[in-house]
Amino acid sequence: MTNAPTFGCEKWILNIMNPKLRKNIIAARLKKRYVKERAFRFMGLAAVFSALIMLAILFSSIIGNGYSAFQQTFVRLEIVFDKNGIDPKGEGLREALSRANYGGLVKKSLSKAFPDVKKRGDKKALYKIVSPGAAFELRKIVLADPGIIGTTRDVWLPADDDIDMLMKGYINREVAESERRVKDREIGWIDELIARGAIEKRFNTTFFTSGDSREPELSGIWGAAVGSIYTMLVTLLLSFPIGVITAVYIEEFAPKNRFTDIIEVNINNLAAVPSIVFGLLGLALFLNFFGLPRSAPLVGGLVLTLMTLPTIIISSRVALQSVPPSIRDAAFGVGASKMQSIIHHVLPLALPGMMTGAIIGLSRALGETAPLLMIGMVAFIVDIPGGFFDPATVLPVQIYLWADSPERAFVERTSAAIMVLLAFLILMNGFAVWLRNRFEIRW
Amino acid sequence: MLNLALIAFIITVTSLGFYLGRSRSLKLVEGRVRELHSMPGYYGLYVAMWCGIPALVISGLWLVFDQTVIMKLVLANLSPETRGLSADQLALVVNEIGNLASGSMASKETGRAIVEAAAHFNRLRSVGYASLFSVVLCAMLAGLCLALRMITPRLRTRNKVESSAKLLMALCSTIAVFTTIGIVLSVIFEAIRFFKLISVGDFLFGLKWSPQMAIRPGQVGASGSFGVIPLLAGTALISFVAMLVAVPVGLMSAIYMSEYAAPRFRAVVKPMLEILAGIPTVVYGFFAALVVAPFIKEKGALIGLAVDSGSALAVGIVMGIMIIPFVSSLTDDVLNAVPQSLRDGSYGLGATQSETIVRVLLQAALPGIVASILLAVSRAIGETMIVVMAAGMTANLTANPLDSVTTVTVQIVTLLVGDQEFDSAKTLAAFALGLVLFVMTLFLNVIALYVVRKYRQQYD
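Quick mapping for you: the protein sequence lines, in order, are chains A and B.
To convert, note that position 357 of the first sequence is 362 in this note's numbering; the numbers rise steadily by one, no gaps.
To convert, note that position 12 of the second sequence is 18 in this note's numbering; the numbers rise steadily by one, no gaps.
Chain B is faced by these chain A residues, among others (derived, beta-carbon under 7 Å):
no., residue
1, Met59
2, Ile281
3, Ala375
4, Leu378
5, Pro401
Derived Cβ-Cβ restraints for the label pairs, each shown as a range:
no., chain 1, residue 1, chain 2, residue 2, range
6, A, Pro24, B, Asp339, 46 to 52 Å
7, B, Asp339, A, Ala181, 55 to 61 Å
8, A, Asn293, B, Arg160, 51 to 57 Å
9, A, Phe294, B, Asn83, 24 to 30 Å
10, B, Ile187, A, Arg104, 53 to 59 Å
11, B, Ser205, A, Thr210, 54 to 60 Å
12, A, Arg201, B, Phe246, 57 to 63 Å
Note that these hints are calculated values from the structure, not bench results.
The structure displayed is predicted, hence computed values, not measured ones.
Every residue, glycine too, gets a C-beta built ideally from N, C-alpha and C.
Isolated chain B, as found in the complex:
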C-alpha cells in the first residue's frame, strides 16, 4: 500500500511540476507564445522530467535493495551465536523474521530474540519508508526549483525533451536483448552447476534417464542417471509423427487455399483453420489424453496391437493437428511471394494448374517451404502441454510409435513442478535440459530465418 502511496505522490508532484513549468514559460513571455522556442507544453514536460525521473530512480533502487539491507542490519544486531550459524540455518532465521514481520502469528517455539528481531525489522522498515519519502520529496523539490530557474524563452526544451524520449525508447528496445541474455545466462549458469555434478559426456551420450537420486545410500530404484539420449529420441519420435500429419495436410491445404479456392470459400474456411492455431495447447493436451489416446488404444487392441495409453502416435497426431495451421500459413506466405510471371509462363506453355504448382511453384518456393517446416519442427520440439498431459513419464529408448515415450519438455516440467530443493541435481538437470532445448530450437530457427530472408530477397 505504501508503495502505491509513493507512486501516487510522485505522480502528483510531477504533474504539479508540469503545470508550474508551463505557466512559468507563458509568464516569462507574458502570453506571447511565439517568443518561446518551444510550445509551452514542452516547458511543462521539461520541468516534469527534472521532477519525476530522479524520484523514480531513487525509489526504484530503494525498492530493490531495502529488504536485503534492512535484513543485514537486523542480523547484525542478533546475538553472536545466531550470526555464527551456517548459511542454511541463517536463511531459515531470515525467513522466520520476514514472516513474523509481515504479520503472521508467532508460535510458541519462536524465540524471544526472533520476535524482537521482527519488531526491529518493522521499525527499521518504517524508518526507511519515512526517510525514503523525505529523500524523494527533497529530490523532487530540488529538481523542480532547478528546472524552473533554468527556464528561459530561448531554452530549447523541445529538443531536450525529445532527445530524452529517444533515449527512453532506445532503452525499451534493449529489453528484448536483455531477455535473450537473461535466458542464456540463467540456463547456462544452472547447467554449469549441473555439469559439476554430472559430467557432460554422461549427460549428452548417456542411454539411460532416471532422475530419481538416491536419498540414502543403497536405495533401490534410484540410480540417478542423467542420459539425455532417450529423451531426444522420444522428442524426435513424437515430432516425426506430428510432421507426418502436419506437413501433408498443411501443405496441401495451403496450396488449395491459395491456388484453387474461390474467394468466398477462402473467406469462410481460412478463419476456421486459424481457430486451430488459436486453441490453447492445454486443450489439445486434454483432447489427446481423453479422446485420441484411448481411441487409438482401443483400435489397436481390436487388431491385436498392444498400444500404450500414452503412445507417441496419439500425442504426435494431436501435435500434428496443432501444427497444421502453422505450416499452412507459412506456406501460404511463401507461395504468395512467388511472382505471378512464373505461373503465367507455365500456363503459357500449356501446363495444367497442378503441373504448374508441382513443377514450377513448389520448385521456386522450396527453400521457403523447407524453412517453414524447420520452424514447425522447432515448434513441435518445444511444445510442452500436449506431451505433459498425454505422453508418458518413463524414458524408453524406442522407435515404435505405439510405445510410450517421454520428451525433453515433459522432463523439465516433472523435475520442476512440485517440491524441490534448488541445489539438487534433479532440479539443475531441468536447466541443463532447458539449455539443450534452447540450443536445438535456436539452431533450427536461425537456419529457417536465414533461408526465409535469402528467399525473400530472391524475388523482391
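Isolated chain A (complex conformation):
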C-alpha cells in the first residue's frame, strides 16, 4: 500500500466523494472557470477596442493636422495698376501684358503699406510676406480685364507659407527668435496687418485647382487627381473586362486539366505577390522592353491592371459560383447554347457581385503607391496632365512627395490630401456596399 504510486489527486478524489465538501469544491471551481471565461471575453473585447482606438488615433491625427489646409492666409494689398509699369506703350497686346513686371507692383504696394521700412535687408524680408505666386495672380487679373490698368484696387493675395503657419498658430511666438522661422520684425508687420484688417484666412481654392509646386501656398492636388483619374480609367477599362472574361472561362468553360489547374494556382499566388514586384515588372517590361514613356498614366494603369486582375478574377468567380444551376438548366431547357445561357442569364445575375469586387479592387489600386514609384510617377510635375502619355503623378504618390518635403506647411497639405484620398476611397467602398445591398440576390 505504501509503495502504490500517487497521482496527486487522491486527496481531491476523497474530498469530492464527501458530499459536504463536494458542493463547495465544485462551486469554487466553477467560479474560477467563470472568472476565466469573463477574462477571455474581456480580452476579446479589448482587442476589438484597441483596434478601433488605433483607427480613431489615425483619423484624428490626420484630420487634426489637415483641416487647416483648407484655409489659406491672404493679405490685402492696395495695388496700383500703373500704366507705366505694366504697359508703357499702351498697346494692350496680350504678350506685352503677360510679360510685365507684376512682382514689382506687389513690392511697391508693400513698401507703401509699410513706409517705415527702409533698410535693404528689412525690405527684402518684407517682400517675402507675400507669396511669389502673387505676381501670377495679378497677371491673371490684368489679362482677364485689361481695363483695370491705370486704376488702384484692393487685391487679396496669398501670403507666404511661413506667414500662413504663423496665422494658423503652428509657429510658437514664445520660442526664442533664433529658433523660429518667422522673426520678430515679420511678426510686427503681421500684427499691424491684423490690426488693419488686411490679413485673413480664406477658403483655399488653390489647393483644389492647381498642380504641384515648390511653394506650399501655391501647391494643389488637382494635377495628381487628374493623373489618378487617367490611371484609374486605364485600369478600369482593362482589368474589369479581362477579369470577368477570365473568371467566366475558368468557371464555366475550362476543361478540368493540368493547364487550368496551373492558371488557378497562379491567380491565387499572384494575388499575394507584393505590389512592388509588379512595379519591377512594369519597369523591366513596359519601360525598358516596350519603350513606353516614363511617368505616363498609361503605364501606371497597365501595372495596376496586372496587380488588380487577380482580385477581380477571384471575386468574379465567387459571384459566378453563387448563381444557382437551376438558372443554367432553365436556359438549356429552352434550347440556349452554353454561351447563350451564360451571356444572357448567368452573367447579368452575377454582374452586381462582380462589380462590387471590381470596385474594391480599384479602390485598392487607387491607394497604391509602391509600384508607381518604380515606373517614375514620382517626378515633380507642375502641369496638369492632358492625356494618357503625359507625365503625371497620382494622389498617393503626391502624398508621399509632400510627406518628404521639409516645409511645415506641407504637413497640413499632406494630411489634407490624405483626407481627400480617403474621402474618395470611402465613396467608392460605400458605392460597392450600396451596389451589393441593392442588386445582389441571395439565392
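Based on the hints, put chain B in the right spot on chain A.
Same frame as chain A, but now just chain B:
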C-alpha cells in the same frame, strides 16, 4: 490622334459589316428567320469578325514595330561615320531624332544631318500611316466580301462565333500566367546580370550593405558592398514587431467577433475594422513618420532610452495595425469553417465558451490560423510604403527594435527612384532584391495556400 482615327475607322467598318451580314442573311431566306441555322445577329457577328480581327491584328503589329523599323531605315540613310558610332552614341542620336520628329525645337548644336533625318523620319512615318490605312482597308474589305459570300442559310455561324469567343476567353485567362512568367523572367534576367558583377555568395551571405559604388577609384565611403543579410535581418525585425501587434489583436478580435459579439455589435464594428484594411499604405507611412515614431522617441527619452527616429519598433507597430484586419478576417473565415457539431459536443460536456474556443475551436482551426499568419507575414515582408516613409536607410545589423533598420523593399525603392543608369550594379541590385522578395513571399504563400486547401477539405 491618328491611332484614335484608325481605331474609330476599324470600328465603323466592323459595325457596317455586322449590319451587312445580318441583312444579307435575312435577305437570303426572304425574312423567314426559321430557315436560318442561327439567329440573324450571329451572321452579323460572323461577318464583323472576318472584318475586324485581321484589321486589329495588322494595326496592332504595326503599332508595335513601326518606331523601330522606321528608325532603322532612317539610320541606314545617315552618313557612314554616324553609323559607325558606338551603340551608346547611336542611341543618343536616335533619341535626338525621335525628339525632333515629335516636335521639339532644334537647338543650334543640332547638326543638319540630324534635322534632315528627323524630317525623313516624319516623312517615312506619314507614308507608313498611309500604307497602314490602305492595307487595313483592303484587309477589311476582303474579309467583308469573303464572309458575305460564305453566308448561306445552313452556315453554322453561331457555333463558329461561339468557338472563336471561347478561344478569346482562353487567351484572356492566360494573361495571369503571362504576368507571372513576366515577373519571373524580368526579375531573373536582371538578377543574372547583377550576379555577373557580384557573386551570388557575396550577395546572399554578405554582412554589409552599402550600394554606393565608387565612381572614381579610391573614392571614400563608396565601398559598394552588396550583402543582403542586414536587409533580411531588418525585414525580419520589423515583421516580427508587426506580428507581435497584429496576431494577438487580430486573433482575439476575430474570436470575439465570431463567437461572442451580438449581431448588432458586429454589424457596426466589423465594417469599421475593415476600414483599417482599406486605408492606403502611404497613409500609414505618413502616420508612422509623423505621429508614432516621434511619440516613441519622446517616451523613450523620458525613460532614458535612446530611440532612433526611424526605429523598427515604430514602423513595426504601424505595420501591425495595418495587418490586424488581414489576420482577423482570415481567422474569421477559418473559425467559421469549423463545424458547429464540434462546438455542440464541447458544450454538451459542460465546457464554458472560452474553454470550447481554446481547447476545441483553436485546436481544430490551428492549421488555418497558422496559414493566415504565414500570409500576414508575407504581407509584412512585401509592405513598402510604411517602411520607405518611416524606416531608416542605413543597413544596421541589429536585433534591437529601438534602432533604425532598413528592409529589402526600402532598398529597392531607393535604388530605383531617381536618376539611374540601367546597367549599373546599383540598379541591377534592386532586381536581385526583387527576386529575393518574390521567392520569399512565394514560398510563404504556396505553403499557406496549400495548408488552407488541405484544411478546407478536412471539414467539407
